[in-house]
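The sequence shown runs contiguously to residue 236 in the numbering used here.
Among the clues, some could well be false.
[Claimed, not checked] Simulated pairs of lysine-lysine, DSS-like, Cα-Cα distance not exceeding 30 Å:
id, residue 1, residue 2
1, 160, 95
2, 28, 10
3, 95, 74
4, 122, 160
5, 28, 87
6, 10, 87
7, 186, 162
8, 166, 122
Honestly, the hints are just simulated from the structure, not real lab data.
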Amino acid sequence: MTRHEVRVGKVSAIDYERGMIQVVYHDKDDEVTRYIPLLSHEYMMPPVGALVAVAHLTNGSEAGVVFWRPWSDKNVPPEGYEGLYRKDFDLEPWKCYIRYDANIPESLYHTEGDDYVEIVGKQETLVKKDRKDTTEGNNEEQVTGNRTVTIQGNADVTVKGKLTLKVGSCTVTIDGGTVTVDAASKLTMTAPNITIDGNTVNITGASGDCVISGVSLVHHVHTCPAAGAPTSPPLG
1 MTRHEVRVGK VSAIDYERGM IQVVYHDKDD EVTRYIPLLS HEYMMPPVGA LVAVAHLTNG
61 SEAGVVFWRP WSDKNVPPEG YEGLYRKDFD LEPWKCYIRY DANIPESLYH TEGDDYVEIV
121 GKQETLVKKD RKDTTEGNNE EQVTGNRTVT IQGNADVTVK GKLTLKVGSC TVTIDGGTVT
181 VDAASKLTMT APNITIDGNT VNITGASGDC VISGVSLVHH VHTCPAAGAP TSPPLG
């Protein structure tokens with residue numbers, strides 16, 4: 001069986017494209033290895049000057065592999081306790097990381113920069129308890145296909161500013177105490193009972209009619225039994 005020798009040195013040079021590094025051993029007259037691979041299934045290269053452990057063959061060959069940085073007085077974990085799993089994606093702690101606390105249990109993903117998610121296939125998310133989404137800036141969502149929203153309970157939408165809803169050539173605008181409906185061709189309201197109540201009601205149209213209980217507002221007639229006598233109620 002081939003024996004191995006484990007040495008501790010510092011990173012002196014990095015080949016980022018091949019995932020290989022050179023290590024200098026200050027305790028061996030600053031001897032520098034050739035480029036040797038980093039033993040990892042993930043890509044994250046240590047910085048130049050970082051302390052690393054290297055496994056070499058004891059037959060004098062420079063062949064070996066570099067283990068990841070060990071914890072030391074100069075490389076202290078950003079946090080640590082029983083039940084904690086943590087992975088930092090940046091060489092500087094707290095910039096981008098995931099952590100899981102088995103004591104709660106609770107998981108957290110944090111990034112100081114932008115975040116992008118690309119999914120080629122479909123995505124399904126199941127939240128069995130409550131969910132809360134908070135966006136402190138603007139929020140934009142685009143759906144190129146159809147969208148269906150099913151709500152089993154109540155729905156409340158609170159807009160402090162102006163609300164504009166556009167469907168084709170129709171626009172509904174709610175701004176303060178004013179509601180405006182703008183339809184390009186036709187507006188239809190149908191219900192068993194419709195109530196319009198206001199201190200001032202203005203209805204303006206170039207043509208049309210209003211028929212209530214069979215009586216036309218435009219085409220109804222009155223009868224008058226004699227000149228100067230009161231007329232009858234409107235007749236259809």
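Query raised in the report: Checking against the hints above, which ones are violated?
Result: Per hint list: 1, 4, 5 violated.
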